[in-house]
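S.K.: Read off the chains here:
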Amino acid sequence: MLDSKIPEGSLENKWRNYQIKAQLINPANKKKLNIIVVGSGLAGAGAAATLAELGYDVKCFCYQDSARRAHSVAAQGGINAAKNYQHDGDSVWRMFHDTLKGGDFRSREANVYRLAELSAPLIDHYVQQGVPFAREYGGVLVNRSFGGVQVQRTFYARGQTGQQLLLAAYSQLYKMKRAKKVEMFPRHELLDLVVIEGRAKGIIVRDLITGKLKRFAADAVVLATGGYSRVFRLSTLAIGCNGSAIWKAHKRGAYFAAPSFTQIHPTALPQTSEAQSKLTLMSESLRNDGRIWVPKKKGDDRKANTIPEGERDYYLERRYPSFGNLAPRDIASRAAKERIDAGYGVGRLKNAVYLDFKHAIERFGMETIKDRYGNLFKMYKKITGVDAYNEPMQISPAAHFSMGGLWVDYELMTTIPGLYAIGECNFSDHGANRLGANSLLQASIDGYFVLPNTINNYLAHALKEDHPTTEHPEFERVENEVKEHINKLLSVQGNKTVDHFHRELGKVMWQECAMSRNAEGLEKAIAQIKGIINAFWNEVNVTGGHKEMNTELEKALRLADFLEMGLLMCTDALEREESCGAHFREEFQTSEGEALRNDDTYSYVSAWEYNGGSFNLHKEDLTFENVQPTVRSYK
Amino acid sequence: MFFRKSIIALTGLFLCIFLIVHLSANSILVLPEETARSLYNSYSTTLRESPLIKIVAYVLYLSIILHVVYALLITINNRKAKAKGYRVNQYKENSSWTSQNMGLLGISILLFIVVHLANFWARIKLGMGEGVGLDANGHVDVYEVTYSLFQNGYYVVFYTLLMVPLGLHLHHGLKSAFMTLGFYHKRGLRTIAKVSLVYAIIMAVGFGVIPSIVFLK
Amino acid sequence: MKVIFKIWRQENAASKGNFESYEVDGLTKDMSFLEALDHLNELLVSINKRVIAYEYDCREGICGQCGVFINGRAHGPHDHMTTCQLHMRSFEDGDTIVVEPWRASAFPIIKDLVVDRSALDNIIEKGGYISAKTGTAPEANAILVGKELADKAMDAAACIGCGACVATCKNSSASLFTAAKINHLNSLPQGKQEASKRVLEMTRQMELEGFGSCTFTGACEVECPEGISILNIAEMNARRTKAKWLG
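Chains as they are written, first to last, in numbering that gives the first Met the number 0: chain A, 0 to 634; chain B, 0 to 216; chain C, 0 to 246.
Hints are computed from structural coordinates only; laboratory data are not their basis.
Each hint can be trusted.
Below 30 Å or equal to it, Euclidean Cα-Cα: the simulated DSS-like pairs (lysine-lysine) are:
#, chain 1, residue 1, chain 2, residue 2
1, A, LYS180, C, LYS132
2, B, LYS91, C, LYS5
3, A, LYS529, C, LYS48
Okay, chain A solo, but in the shape it has when bound (with noise of 0.2 Å):
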């Protein structure tokens, strides 16, 4: 039933193979074709910059006031690449093994090694757009080392990678603008998917200033919305961030795959209230001179500097002696849960972890510390007030990236033909968690590499067909159940504000869907998110009207959405009855507590599809031809 369309031959050969048989159109003909891609972060930008230098005509969307601010914006750490720079034994291979394995095997082998195989020209097409990466004062390429992974791979641009890359994407994307190749859409979100037969023909898009709704057909539909962990509320994402555009293509027929893969990011600052908003991510790359640490004493209130050697307790070295404080993140965070619960955690709530820089700076300088993490260690005073060059930083884990979205084939194509999901929003390479550093290259590969590659071979097929209009009908039904879902949050005048539910949302997902699961808490979430989704329909109130720019809309738009969300991701983690990479079902545990995979039952794939107020399971079962799944040891 789900055909996953990889192609024949070695793992080796399998993107060479297809891209010799992919289908091809000439330039002519492409200026004929229409393409939406909706999101301008490294995958959307990346793609439509590209599509456009092929020739296509691409309109692009963001909700934010200019492409330059996607959440790519934030990756701080790096981006992974299979150069051996290093000379320390790294490869495509390797690179494939690792993101695979760190993956926990829940992810297809040949997506995977495309992805490593693309990491290489990914490296020299950034260099080549002006991405000051760090160097050596030989003028080389240096590298660092990242999490989950024992060789040095990762480039990066102080910590503020991620910023650099989305700015020379964002770059080309004005440079495709300016060709009049791209017509930019800011402060434009996408309320709708128009279908047309079974195809993906169009969005219906709120404008955010006027509140008008817009109506948009193209030959394809390219989803690059990034990811949906605000469905937590307090996360490491963006405010605006959210699942809305990939639920309404759920809604409309594509397949959600491994909703409930959601990864917990163990290095972020800890929450201090209730208010907050956020929680700001200190990158991973810390952890490769911080060392994590908790007093051996429970509860102890000394000051972090004042409790000796002897008396600390470097959890993730004592559990994970050949990984240490590069444990993949999973691990590292729920290492991190594991002590907090017991009582060990620091901090005025008692929900942190020390991150401590005392021995990096002994052993390499004040400076080199300086040069490496600085603008981290600005931020973190900034935010906390506290210079950690004197004293640990307190970390705790914190709602991060989703390894689920909307499940694509090789090609990148979801179940409804003609669109395509890229980057954060789709379920492709990382499998059950995502390595560090990865995040950054799948949006970039599949915006820039494969993407303009595969939808050539759907596209030739909408050359011989009508091209769409917005006169169609079905634009209009669409536009009108639009608004009626608008006039129907507008209308309930409630007494609650749309933050309340979202919090109540967010501490039941926390609780029951995050770093760690069991059935009977996923079964109690389920029945309490009916329970919200019902007083959220009944009691919100959003002031203000439709045709303005109203914030307290956008949002409750967006909640709306996670609400359904967060439905069908605790079913996921209640039917995956193992436990695999960020998925840890209580139930499924070795006597050390480490996750029990179960590749007999479930070396699958999940893809939900939308039935109604139901979900119905469809599997893409996984088949290892080169690599055997093995337990996941870092110790």
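Given chain A, put chains B and C in place with the hints provided.
M.R.: Positioned in the frame of chain A, the structure of chains B and C alone reads:
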């Protein structure tokens, strides 16, 4: 805009050089009466007669006019760029008062120049107002014009006080002229900033105290 | 903690706008400034009032979307900080906090505290890129870039495009923003090919957008969240002169 800014900077720098020459001439005024009179008058005669200086004088007039006109045009344009200001603006926390008020300072200096030209240039070169006599050497007695002007306490106060805006204007103007013209060497600019400060103090104090010295003679 | 917010309210671009005062109780020092505004908005909803429109996205100081004038300073009382990084511990109980939108003719107000900064995108469009099509790049280490040069380019490239430089400048000049992008690209070997064209076209666009000129007050580098040096503007001037006269 860049062209206009460059002209303001170039003319400004030229005027800065002019001020050095002007101050060194003025310093003659502090010498004992007879020496000062003969030196000052012969110096000013030399200036008036030299053909090269004549050209320089026209460059000077042109510089002042260009500096003022372009500053005015730029200011109008800048005002247009900020059509509405802030209710509360604590700009002193991020920049100097001087840098924020170069226009106001410039206008004060312009006012000064008008009065100054009326006092000297109009009388000596255009022959307006009371006639000017000759000294013992047959030179036009510019010294006498100066001396008599600064017997008036109001003029002394005016000439002294108006050197404050001049000093401030020079302090910011000199270093920012270098940056406008594209000098961006970090340490070099730090030196220029110091030089600007010293230069501005010397000019303001130098021009500022001479009227009082003459008054007290 | 209790404060009085005095906030600029303006329904849309065409309307006049005025300050409104809101006494807000129940804040804590740990809250960020934007969280305090969130709290105020929830209070407004509870009394059926329209919420205040203000901008933010990442809330970690990198996206550049937030930005308001707080008590007479761009992004509030601290140097080198974004609005989202400002916390209520920077204020005293009982303070009056005046909040105004960025003021610049090139940044028309959309609503309340939200302004339109697309003029900055328009400057980028005129050359803030390197014309290199996807798939055409040479090997990354084939062109060496020394550490000092890479660091210098990075210093300039760090600009987050928030517009604080324009907002704080008495002339609403976008020189720091434009200079940062020009110097980032023109100093790298990859950007050399289009260097002259870039500096001329971007500075021209900057003028066309209605930004004022730079008079080196230095306010921009103090308010810049990334602390981008004003020397960048001098460097841009040098590059422009060179491009203009030497090509």
